[in-house]
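Chain A is fixed; fit chain B onto it per the hints.
As they're listed, the protein sequences go chains A and B. This note's numbering runs 113 ahead of the 1-based position in the first sequence. This note's numbering runs 116 ahead of the 1-based position in the second sequence.
Calculated directly from the structure, the hints in this document are not laboratory data. What you are looking at is a predicted structure, and each value in this text was computed from that prediction instead of being measured. Hints should not be assumed to be uniformly reliable.
What the hints assert, rightly or not - Listed next, with one range per pair, are the computed distances between beta-carbon atoms:
{"#": "1", "chain 1": "B", "residue 1": "164", "chain 2": "A", "residue 2": "191", "range": "42 to 48 Å"}
{"#": "2", "chain 1": "B", "residue 1": "193", "chain 2": "A", "residue 2": "164", "range": "14 to 20 Å"}
{"#": "3", "chain 1": "A", "residue 1": "181", "chain 2": "B", "residue 2": "153", "range": "37 to 43 Å"}
{"#": "4", "chain 1": "B", "residue 1": "151", "chain 2": "A", "residue 2": "182", "range": "47 to 53 Å"}
{"#": "5", "chain 1": "B", "residue 1": "174", "chain 2": "A", "residue 2": "181", "range": "30 to 36 Å"}
As the list claims (entries may be wrong) - Pairs of lysine-lysine, DSBU-like flavour, derived with a Cα cap of 30 Å:
{"#": "6", "chain 1": "A", "residue 1": "182", "chain 2": "B", "residue 2": "190"}
{"#": "7", "chain 1": "A", "residue 1": "150", "chain 2": "B", "residue 2": "150"}
{"#": "8", "chain 1": "B", "residue 1": "130", "chain 2": "B", "residue 2": "164"}
{"#": "9", "chain 1": "B", "residue 1": "126", "chain 2": "A", "residue 2": "182"}
{"#": "10", "chain 1": "A", "residue 1": "150", "chain 2": "B", "residue 2": "193"}
{"#": "11", "chain 1": "B", "residue 1": "136", "chain 2": "B", "residue 2": "164"}
{"#": "12", "chain 1": "B", "residue 1": "187", "chain 2": "B", "residue 2": "150"}
{"#": "13", "chain 1": "B", "residue 1": "190", "chain 2": "A", "residue 2": "150"}
{"#": "14", "chain 1": "B", "residue 1": "136", "chain 2": "B", "residue 2": "126"}
{"#": "15", "chain 1": "A", "residue 1": "150", "chain 2": "A", "residue 2": "182"}
{"#": "16", "chain 1": "B", "residue 1": "190", "chain 2": "B", "residue 2": "202"}
{"#": "17", "chain 1": "B", "residue 1": "219", "chain 2": "B", "residue 2": "202"}
{"#": "18", "chain 1": "A", "residue 1": "150", "chain 2": "B", "residue 2": "187"}
{"#": "19", "chain 1": "B", "residue 1": "136", "chain 2": "B", "residue 2": "150"}
{"#": "20", "chain 1": "A", "residue 1": "150", "chain 2": "B", "residue 2": "126"}
{"#": "21", "chain 1": "A", "residue 1": "182", "chain 2": "B", "residue 2": "164"}
{"#": "22", "chain 1": "B", "residue 1": "193", "chain 2": "A", "residue 2": "182"}
{"#": "23", "chain 1": "B", "residue 1": "202", "chain 2": "B", "residue 2": "187"}
{"#": "24", "chain 1": "A", "residue 1": "150", "chain 2": "B", "residue 2": "219"}
{"#": "25", "chain 1": "B", "residue 1": "202", "chain 2": "A", "residue 2": "182"}
All C-beta atoms in this analysis are idealised placements derived from N, C-alpha and C, irrespective of residue type, glycine included.
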Amino acid sequence: MRDYGLSPRAVEKLADLHATDSELDAIEIAVAELAAKPKSGYLLPFQYSKTLRRYDVGRFALIYQFNDKRLDVVTVVG
Amino acid sequence: MAERYTPISKARAKLPRLSKTAQDRQDRHIITQKGQPQSVLLGYEDYKTMRAAVELLRRPDVIEDVGTGLKELKQGKRYTFDEARKMIRERRAQEETTELVEKVAADTGLDVEAAGSVVGTVFEMFKAHSGKTGQISIPGVGKFKFIANAGGTAKVKPKSKAAQSTAIAEARALARLLSSRVKEF
Chain A
114 MRDYGLSPRA VEKLADLHAT DSELDAIEIA VAELAAKPKS GYLLPFQYSK
164 TLRRYDVGRF ALIYQFNDKR LDVVTVVG
Chain B
117 MAERYTPISK ARAKLPRLSK TAQDRQDRHI ITQKGQPQSV LLGYEDYKTM
167 RAAVELLRRP DVIEDVGTGL KELKQGKRYT FDEARKMIRE RRAQEETTEL
217 VEKVAADTGL DVEAAGSVVG TVFEMFKAHS GKTGQISIPG VGKFKFIANA
267 GGTAKVKPKS KAAQSTAIAE ARALARLLSS RVKEF
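The shape of chain A in the complex, shown without the other chains (with noise of 0.2 Å):
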């Protein structure tokens, strides 16, 4: 099981976008899920990294990278 988090400019972003507390749960849910299973949600085809993906968790678009140990919520769009 890969360790998880969020860049610091995902939680501010959270933050912008009011996320409320049954919100975060949903995400850390949907991100634990991932960091089992990375390769859910769409492969984003941005030149900086060939692992960076999208998943949807409800109004939250995450973009996130992953690699063998850990996976890590990039941004976060709403």
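Below, chain B without anything else, positioned relative to chain A:
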């Protein structure tokens, strides 16, 4: 993943197979008519991925956020969800307090600094004396009697009778918000 040109006459006959390879191998079949590309057959997941990417690429702010987020993570800056929850709650509380201060200032005629002082002091009193009774003295504003009870309601009475009813109404609204906030501490 391959890009293949298929005349429409052949595509019609081979559609189930083309659709399957589009789904299984992410092949993209460019359908031609009279030698000219006319349409593209691609897998549903492939299509959704392209749509998701295009949607995001239309927003320069997202591109910038992705770059910033990746840079932060590369520098080892990351938070757990518990840390994120705490930070988001603190920011939410700060924004609510700012709104409350502005409302108190607008409703009472106090300047924002004095209203901020009232809200801040009452909040501190709530934290320190939750469930107790106290006296608050705010320079430039006056003395307030502070009464809190287990139900989370409170009264803050200024000495001036003229301002009393407004102050009580404000204090009740303030107390409701503060008592919910105090539970977080």
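Would the hint linking residue 187/B and residue 150/B be met if the CA-CA limit is 30 Å?
violated, 49 Å
Are the Cα atoms of residue 130/B and residue 164/B separated by 30 Å or less?
holds, 23 Å
CA of residue 150/A to CA of residue 219/B, is that 30 Å or under?
violated, 48 Å
Under the criterion that the straight-line Cα-Cα distance not exceed 30 Å, is the pair residue 182/A, residue 190/B satisfied?
The hint holds at about 14 Å.
14 to 20 Å was suggested as the range; check whether the CB atoms of residue 193/B and residue 164/A agree with it.
Holds, since residue 193/B and residue 164/A (Cβ atoms, about 19 Å apart) stay within the stated range.
CB of residue 174/B to CB of residue 181/A, is that within 30 to 36 Å?
holds, 32 Å
Is 47 to 53 Å respected by the C-beta to C-beta distance linking residue 151/B and residue 182/A?
With Cβ atoms ~51 Å apart, the hint holds.
Between residue 150/A and residue 193/B, does the CA-CA distance stay at or below 30 Å?
Given that 30 Å is the threshold and the Cα spacing comes to 23 Å, the pair holds.
Tell me if the straight-line CA distance from residue 136/B to residue 164/B falls inside 30 Å.
holds, 16 Å
When you check the alpha-carbon spacing of residue 136/B and residue 150/B, does it fall within 30 Å?
Holds. Residue 136/B to residue 150/B sits at ~25 Å (cutoff 30 Å).
Run the distance test for residue 193/B versus residue 182/A: straight-line Cα separation, threshold 30 Å.
holds, 16 Å
Holds or violated: residue 202/B with residue 187/B, Cα cutoff 30 Å?
Answer holds: residue 202/B to residue 187/B is near 23 Å, not above 30 Å.
Hint compliance for this structure: hints 1, 7, 9, 12, 20 and 24 are not met, and every other hint is.
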